[in-house]
Each structure stands twice: as C-alpha cells, then as structure tokens.
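Participant: The residues making up each chain are set out below.
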Amino acid sequence: MAKVSFAEELCKGCELCRKACPKGIIEMGEHINAMGYRPARVEQQKQCIGCAFCAMMCPDLVIRVER
Amino acid sequence: MQVVFERPKSLTDMKFSYCPGCHHGIIHRLVAETIDDLGLQEKTIAVASVGCSVFSFNYFDTDAIQAAHGRAPAVATGIKRARPENIVFTYQGDGDLAAIGTAEIVHAAARGENITVIFVNNAIYGMTGGQMAPTTLVGQESTTTPGGRRPLAAGYPVRVCELLNTLEGPSYLARVSVHDPKHVKEAKNAIKEAFRAQAEGRGFALVEVLSACPTNWKMDPLESLDWITEKMIPEYPLGVFKK
Amino acid sequence: MSKILMNGNEAIGEAAIAAGCRYFFGYPITPQSELPEYLSKRLPQVGGIFLQAESEIAAINMVIGAASTGARVMTGSSSPGISLKQEGISYLAGCELPCLIVNIMRGGPGLGGIQPSQADYFQATKGGGHGDYRNIVLAPASVQEAVDLVQEGFELADRYRMVVMILGDIVGQLKEPVHISVDPARKLPEKPWALTGKEGRKKNIISSLYLEPDKLEQLNHKLQKKYTEIKEKETRAENYRTEDADIVVAAYGMPARIAKEAVDKARAGGIKAGVFRPITLWPFPEKELNEAAGSARKILTVEMSMGQMVEDVRLAVKDRIPVDFYGRTGGMVPTALDIYTEIKRINEEIMEVKPYASCI
Numbered sequence: 001m002a003k004v005s006f007a008e009e010l011c012k013g014c015e016l017c018r019k020a021c022p023k024g025i026i027e028m029g030e031h032i033n034a035m036g037y038r039p040a041r042v043e044q045q046k047q048c049i050g051c052a053f054c055a056m057m058c059p060d061l062v063i064r065v066e067r
Numbered sequence: 001m002q003v004v005f006e007r008p009k010s011l012t013d014m015k016f017s018y019c020p021g022c023h024h025g026i027i028h029r030l031v032a033e034t035i036d037d038l039g040l041q042e043k044t045i046a047v048a049s050v051g052c053s054v055f056s057f058n059y060f061d062t063d064a065i066q067a068a069h070g071r072a073p074a075v076a077t078g079i080k081r082a083r084p085e086n087i088v089f090t091y092q093g094d095g096d097l098a099a100i101g102t103a104e105i106v107h108a109a110a111r112g113e114n115i116t117v118i119f120v121n122n123a124i125y126g127m128t129g130g131q132m133a134p135t136t137l138v139g140q141e142s143t144t145t146p147g148g149r150r151p152l153a154a155g156y157p158v159r160v161c162e163l164l165n166t167l168e169g170p171s172y173l174a175r176v177s178v179h180d181p182k183h184v185k186e187a188k189n190a191i192k193e194a195f196r197a198q199a200e201g202r203g204f205a206l207v208e209v210l211s212a213c214p215t216n217w218k219m220d221p222l223e224s225l226d227w228i229t230e231k232m233i234p235e236y237p238l239g240v241f242k243k
Numbered sequence: 001m002s003k004i005l006m007n008g009n010e011a012i013g014e015a016a017i018a019a020g021c022r023y024f025f026g027y028p029i030t031p032q033s034e035l036p037e038y039l040s041k042r043l044p045q046v047g048g049i050f051l052q053a054e055s056e057i058a059a060i061n062m063v064i065g066a067a068s069t070g071a072r073v074m075t076g077s078s079s080p081g082i083s084l085k086q087e088g089i090s091y092l093a094g095c096e097l098p099c100l101i102v103n104i105m106r107g108g109p110g111l112g113g114i115q116p117s118q119a120d121y122f123q124a125t126k127g128g129g130h131g132d133y134r135n136i137v138l139a140p141a142s143v144q145e146a147v148d149l150v151q152e153g154f155e156l157a158d159r160y161r162m163v164v165m166i167l168g169d170i171v172g173q174l175k176e177p178v179h180i181s182v183d184p185a186r187k188l189p190e191k192p193w194a195l196t197g198k199e200g201r202k203k204n205i206i207s208s209l210y211l212e213p214d215k216l217e218q219l220n221h222k223l224q225k226k227y228t229e230i231k232e233k234e235t236r237a238e239n240y241r242t243e244d245a246d247i248v249v250a251a252y253g254m255p256a257r258i259a260k261e262a263v264d265k266a267r268a269g270g271i272k273a274g275v276f277r278p279i280t281l282w283p284f285p286e287k288e289l290n291e292a293a294g295s296a297r298k299i300l301t302v303e304m305s306m307g308q309m310v311e312d313v314r315l316a317v318k319d320r321i322p323v324d325f326y327g328r329t330g331g332m333v334p335t336a337l338d339i340y341t342e343i344k345r346i347n348e349e350i351m352e353v354k355p356y357a358s359c360i
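So the sequences go chain by chain: A, B and C.
Sequential numbering from 1 applies to the first sequence in the numbering used here.
Sequential numbering from 1 applies to the second sequence in the numbering used here.
Sequential numbering from 1 applies to the third sequence in the numbering used here.
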C-alpha cells in the first residue's frame, strides 16, 4: 500500500518523474498551474508501489511518498 | 502508512528558481538529505558561488555566505581554519570551479583543506546564457562556439577529478550522475561519503556531479538525460577516483 | 616603558596579535614579506593560523571567510597585490565584514619598483574596487604609530563593520624602538551576524547580492549613513607648528616627518611654516585642515607620488587657499632640503604679493 502526492504548484512539468516510474502511472495533467506548466499527477494510486523513484528524480520537491 | 520521502529539513521552503529539468534541484536535495542524515544542520556553513546556483544560500537552511566567482574554496578555507568544528561546503558550477576558480580549487585540494566541494558539471555556462565552459565537449554547440567547439580555437575539455587526483591532499574524489534513480542513489552515497570525510577529519573531499542543462543544451529535460549517458559519461567517466 | 627595536612590518604583525588577531592569510611581495614571514612564526605560537595563499586574490577571499565567522583577521600586500584584492575589498564592503588590510606601497604603475611610494592614495581612499563604498584608511608615520594604528584599526573595523587599511610607505622597512601593549582585559565585541552554525537561532546569511534594485539602493543608503557617522567621529590629524603658519605643508606618512625637519629649518630662518599631517586619509580631516590653515597664505602638499592627496586638500579648503604640490615618485624620497627649498620659494612668492587689504 502506497500513496504518492504532488504539490502541483511547485511542478515545472519536466517529466523526469514520469520517465522514472517503473509502473508508468504518472501522467502530466491537462490543466496548467500558476507557473504555466502541466503538473505531474497519478490517477491510479492503487498501482503505486511506493518505490519513490519519482520523488528521487524530481528536482523541485513536488512529490511526497508514503508507504 | 509512513512517510518514506519528503522535503529534507536542511532545505528552506523557498521555491527553486531553476529551469524545468535542471538537476541543481536534485543535487541540492541530496546535499540537504545528507546534512540531515548526518545530523549536521546546526554545524554546517554553506559557501554559495556564482552561477545558476548563486542563490543557493537561500535554499540551504544553514548559515551561508555568497562568495565571489571562483573563490568559494578560498572563502571556505578561511571559514574552516577559523572554525574547524563547523562543517563547511562549497557548491560550484563548471565556470566557477574550472575556469576562474582553477587556482583556488587546485590549491585547496593540494593543501588537503578539510572541506567538502560539490562540483556541478553541465558542460556549459548556464546563468549567463549558454556560453562555452572549460567542460564543454569538442563539437558541442554554445553561444561562444557557434558551429561547435573547435580545439584549434578553443582547446579541449578539462576533467577536474582526474586533475585533482594527481595531488596528495584530497581524501575523496568521485564523479557521479543523477540521470536516473540508480545513479541518484549512487550520487547520494558519494555526497554522504564526502561529508563524512570532513566530519571525520580526513581532508579535502570533492564530488563532481554530471548535470543536465536542458535550456542551454536546447533540449527538453528527457532528451538531456540521453545526452548525459551518450555524450557526457564517455568523456567524464563515473567512479570513485580516490578514497 | 620598555621598548624593543623592531622592523616595521614585523611590528605590525606583533601589534595585530596583541589586538587579538589570530588569522593571517597573505602572499609574499616586496616590501611587505617580513609581515607574513614573522606571522608564520608567531601565529602558531599563540594558537593562531598563518596560511600562505596561492595568490593575493585567494588571500583576500580567505580573509572574507574568516571575517564572516566573526574572527579578527588580516592580510597584507603591496601595491600590485592590493590591485588584485580590489574585488574582494568591494565584497567586504558590500557584506559589511570587518578586517585589516596592510598596504606597504611601492612604486608603480604596473610591476613598478620595490622602493617606497605613496601612489596608491586614490586606490585606497576613492575605492579601487567597484561600487559606492569606502574603507577607513590610516597612515602611520613611525613604527610606533603603525603599531598603535593597527590596534585601533581592529577596534574601528569591528565597531563599524568596515575594512580598515593601514597605508604604509617607508615604515614597512624602518626599524625603530616600539612598545606594544596588550590589554589583558580586552574583550572582543559580540557579532550576532557571524556564521558559526545555526544552533539555537535562525540562519545567518552573508551576501552582497541584491538583484532587486530598490533593495540594493537601500543597502547603499545604509552604507552611506555609516560612512557619514565615521566622517563625523573618526578623523585624526596632527598639527606641527601650524598655529601662525603662512605656509602649511600637507603631507602624510614618512614625508610628513621629513617635512617637519624642513619646517624647523624654515622657522629657524624666520619663515612661518608648519606641517599638517592627516592620520586618517579616509575620512579626510577637512575640518582639521581648515583650522590648521586658518591663517595660511599657501598650502604645499608633499607626496611620494605625482599628486593624489593634493586633490583632497584642494577640495577641503574649497580653493580658498592656493595649493601647490611637490612630489617625488618611483621610489625616490624627498629630502628635508628639497622640501625646505620649496617652502623658501613659496615664501619669497607670497612675500612679494601684498595681502589684498593692504592695497586699499
């Protein structure tokens, strides 16, 4: 059981997390945040294994992982 | 459920001003995590340099000083000699460390100053808009090497770890990368070792971190990861040179 | 009071130790190398640190580092090396870090010579580095005064968070008897702004970077306010036989001492001459000069340069009194006879011209 949360207002849409996710569950949103980027998000929380690869790659401390 | 990943204590709340996909953010975080893990936040004094990371004194939640271009190792020497009980680290880019600061880094290393240096190598000058750095690869495009760096006009890249490895002074020299989670883990181990070296009084420690600069490489963040693996690592081999 | 015979550079080093300085970062350059050599021996004896840096640039940056921790720290060099330090000095001013910098001046420009000069006056007082800033500049005219000014210099540096420069000429290579006192009750001031590790408090930042123009303007106003206070409170000068002088010789450092001999010779011959000797070159003692030259018909500025302080002399008297200049440079030293000859020439000049009032 794992939960990953994204502080959308910090995201710069770099997609490093999306590439790093071994389950491929990270996608970039349709909407844009206040900085003008499409923030990363996870729809299928249940698929998250809490590996934190996404958080490790994120340069902007957007991601918080719980397990 | 337990939190397994969150913002380290040794980073302030300030939002990073770096470009999307710039690896400075990852490297700052690894340094802060290391400071947290080793319990050094209240003892650490950070020396910021001049480059994209000029405001790093705002991001690290430790005492900090902003040093002149290239001179951070000398400033760090002054601080550490006056207060050997503190942990002193510099955070420098390739212009700061390998161009204007060459004398200062070589001599701090030669003296075996008990400081830690985090050297971010992105093969270009970021802050000033993408000019050639001493670490720019032959054939690499930059605003001052239009058409690509030509050795006859602009010489060859400088390999800092190999250079410093000719000296007795350093106790730990490593080159790492942060282009995927495996390498991020290895980078953190190296950075931790470099701070441990200081805490244990073993002498000068430097970690060179290969880093992306998507904006000035004129690539998107994911393309820049490939440029690191395909172009930079062959030129700047990863590994521990001295320990 | 017992005295010992000491070389000027070495006495400066010993005075610094007496003032509580425990860190010296420097580089060899003639004619100040005795200072690092002496401190390389003495500082370890008192538990201090001596470090010969790889360049004068590295040295001033090491000073910045140590000063940022609140320690009393100094460096020394001579003219070309002081040029190298200018960026660092600008940073020290912008960061408001205290320290002592010793410049034993030599002939210039360029590599110049190793004999003494006073050709760095502009660099020291008008700012050789970039930006709006000042350093306190103190000019000794004897080895004892160098000792006293070093000790006072550290106090001023800490009190105002300023760079204090000891601007020496011949004194570095002079040997004279000195008494260096250590005040055992001396307490170094608290420095809550210093970098010591953020235990028990919020983090301290030392930086001169202000990208927002209104904030940078504010910093500059803050610095100017400090400089205004220093101008009001910290000028120092010496008057020698200026009370009724027709001719006032304005000079600093060793030439002022030589000028005293010239003035004595002039007085013996009936010429009313005196010496006004600024001790603080910045802040320049304008009020004191105007008082000293109250009844003067002419001021003769004597320098070991092509004429730098002479501009501040003219500014101070607002050209109310005509100002002449006599100088030797390149390492040449004016003799008392040279200066006396000038005084005599000026005296003949002013004696021919009747004071305006008597023409009516």
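Please note: incorrect hints may appear among the correct ones.
Simulated crosslink set (DSS-like; lysine-lysine; CA at most 27 Å straight-line) [to be verified]:
{"#": "1", "chain 1": "A", "residue 1": "Lys-19", "chain 2": "B", "residue 2": "Lys-15"}
{"#": "2", "chain 1": "A", "residue 1": "Lys-3", "chain 2": "B", "residue 2": "Lys-182"}
{"#": "3", "chain 1": "B", "residue 1": "Lys-218", "chain 2": "B", "residue 2": "Lys-231"}
Hints listed in this document are in silico derivations from the structure and should not be mistaken for laboratory results.
Participant: Confirm or reject each hint.
Facilitator: Now the hints, each set against the structure:
Distance restraint check for Lys-19 (chain A) and Lys-15 (chain B): the Cα-Cα separation of roughly 23 Å lies within the 27 Å cut-off, and the hinted pair is therefore satisfied. Of the supplied pair hints, the one linking Lys-3 (chain A) and Lys-182 (chain B) holds, its CA atoms being roughly 21 Å apart against a limit of 27 Å. About 15 Å separates the Cα atoms of Lys-218 (chain B) and Lys-231 (chain B), which keeps this hinted pair within 27 Å; it holds.
Checked against the numbered hints given earlier, this structure breaks none of them.
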